[in-house]
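S.K.: For the sequence shown, UniProt numbering assigns the number 1 to the initial residue and increments by one for each residue that follows.
It is worth saying that the hints were derived from the structure and are not from the lab.
A hint or two may mislead.
[As the list claims (entries may be wrong)] Here are the simulated distance ranges between beta carbons:
#1 81 to 23: 15 to 21 Å
#2 81 to 245: 35 to 41 Å
#3 59 to 38: 23 to 29 Å
#4 127 to 80: 17 to 23 Å
#5 110 to 13: 49 to 55 Å
#6 21 to 246: 23 to 29 Å
#7 42 to 16: 34 to 40 Å
#8 243 to 10: 36 to 42 Å
A virtual CB, placed ideally from N, CA and C, is assigned to each residue, including glycine.
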Amino acid sequence: MPYYTNNLGLFLGIILAGSWLNLVFYTTEIILFVYHLPRWTLKPVYKYGSYALLANDAVGTFAVCANAFLCAVDGPVRPLWPSHVLLISTALAAFMEQSFLIHRYYRVAIGKVMSIFLMLIASAHLVFAVIAVKFGEASSKFLFDQKIEASTIGAILCSFVDLLIALSICWSLSGIEPMWRSTQQLIRVLCINALASGTVVAAVTLLSSATTIAKGTNSIIFTLFYASNGRIYSLTILVNIIIRNAQRDDENTLHVTQFVDSVARNPPTTQQFSISVERTPQDTSADDSSHEPPASLSKSTLSIPGPDSDSRPPRTSELSAISLAVPRARASYALESPR
Numbered sequence: 001m002p003y004y005t006n007n008l009g010l011f012l013g014i015i016l017a018g019s020w021l022n023l024v025f026y027t028t029e030i031i032l033f034v035y036h037l038p039r040w041t042l043k044p045v046y047k048y049g050s051y052a053l054l055a056n057d058a059v060g061t062f063a064v065c066a067n068a069f070l071c072a073v074d075g076p077v078r079p080l081w082p083s084h085v086l087l088i089s090t091a092l093a094a095f096m097e098q099s100f101l102i103h104r105y106y107r108v109a110i111g112k113v114m115s116i117f118l119m120l121i122a123s124a125h126l127v128f129a130v131i132a133v134k135f136g137e138a139s140s141k142f143l144f145d146q147k148i149e150a151s152t153i154g155a156i157l158c159s160f161v162d163l164l165i166a167l168s169i170c171w172s173l174s175g176i177e178p179m180w181r182s183t184q185q186l187i188r189v190l191c192i193n194a195l196a197s198g199t200v201v202a203a204v205t206l207l208s209s210a211t212t213i214a215k216g217t218n219s220i221i222f223t224l225f226y227a228s229n230g231r232i233y234s235l236t237i238l239v240n241i242i243i244r245n246a247q248r249d250d251e252n253t254l255h256v257t258q259f260v261d262s263v264a265r266n267p268p269t270t271q272q273f274s275i276s277v278e279r280t281p282q283d284t285s286a287d288d289s290s291h292e293p294p295a296s297l298s299k300s301t302l303s304i305p306g307p308d309s310d311s312r313p314p315r316t317s318e319l320s321a322i323s324l325a326v327p328r329a330r331a332s333y334a335l336e337s338p339r
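Produce the entire structure from the sequences given, and follow the hints as far as they go.
M.R.: Following this line, the structure appears as structure tokens:
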């Protein structure tokens with residue numbers, strides 16, 4: 001008889017506590033999504049990604065609750081499908097969270113090689129989870145057998161890539177030399193956010209994978225972390241999206257404020273330019289042959305008044321004179337040019 005049947009009360013208590021904690025996290029996801037969705041100004045891909053997160057977490061939450069129900073009814077010996085479903089759901093949540101952070105790293109550093117390397121490690125974690133389910137490594141106690149197996153290797157890779165993504169983002173941002181103090185503060189916030197996100201999910205993943213190392217009652221306690229691991233990954237993505245949306249609104253406000261301040265410090269001034277048109281003898285003879293009074297314009301000055309200028313705009317007659325004089329100047333140039 002397995003060791004955990006000697007602590008059946010503790011085992012059932014941990015399973016129920018894990019299901020309640022999972023429900024709390026999933027309810028928090030729904031509240032954040034419903035509250036912030038109307039305020040999002042980001043691309044639709046973030047909205048559809050959040051829908052996918054909620055759907056995946058709904059499957060994982062169902063598996064956790066089903067496992068708790070089967071524990072209470074059938075005891076420790078029960079079907080393994082809740083363990084398999086939760087393992088795949090957690091791996092998918094981790095993969096989506098890591099893909100989101102890798103995309104952010106690529107936008108900051110434009111490092112294709114490093115981004116591909118990180119995506120390969122993130123994909124390997126998902127592959128190891130599928131292998132663990134395929135070969136039935138998940139045990140009937142929502143844990144894994146007491147040996148290093150594919151699921152444990154996948155969890156270690158998952159924690160490694162979480163920390164590596166966070167450090168890569170901070171390293172890339174530290175090389176930027178901002179001109180504005182507000183930009184410097186934004187970079188500092190991004191670094192803290194990246195480190196916090198990577199550290200939290202990596203720590204929870206390591207704690208949940210500690211069930212394969214710890215023995216006795218300790219391994220039952222670590223089941224509490226494993227039941228809610230996927231929801232923590234999803235909450236990390238939602239919080240990052242909410243922060244990104246708030247930062248975008250702040251950036252738009254900052255750009256408008258800087259433009260207004262720049263205009264206030266350097267108001268527009270009056271700019272003037274002149275058009276000079278000289279009449280030629282050929283132009284005069286052409287006018288005499290037509291017996292029409294020539295349009296005489298020796299020099300005309302156009303002025304674009306500024307906001308504080310008293311200059312009047314050019315009259316219609318002056319604009320007409322300029323329009324007549326410019327074609328004649330072109331004709332005189334054609335007559336004077338050598339054939």
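S.K.: Hints first: check each against the structure and report whether it holds.
M.R.: Going through the hints against the structure:
Restraint check, residue 81 to residue 23: a C-beta distance of roughly 20 Å satisfies the suggested window 15 to 21 Å. For the pair residue 81 and residue 245, the beta carbons lie near 38 Å from each other, so the given range of 35 to 41 Å is met. Separation of residue 59 from residue 38 is about 26 Å and conforms to the stated range, judged on CB atoms against 23 to 29 Å. Restraint check, residue 127 to residue 80: a C-beta distance of roughly 20 Å satisfies the suggested window 17 to 23 Å.
Hint check: residue 110 to residue 13, Cβ distance near 50 Å, so the stated range 49 to 55 Å holds. At about 27 Å, the CB distance of residue 21 to residue 246 agrees with the hint of 23 to 29 Å. Distance hint check for residue 42 and residue 16: the Cβ-Cβ separation is about 38 Å, which falls inside the suggested range of 34 to 40 Å. Taking the beta carbon of each, residue 243 and residue 10 are about 39 Å apart, inside 36 to 42 Å as hinted.
Every hint from the earlier list agrees with this structure, and none is contradicted.
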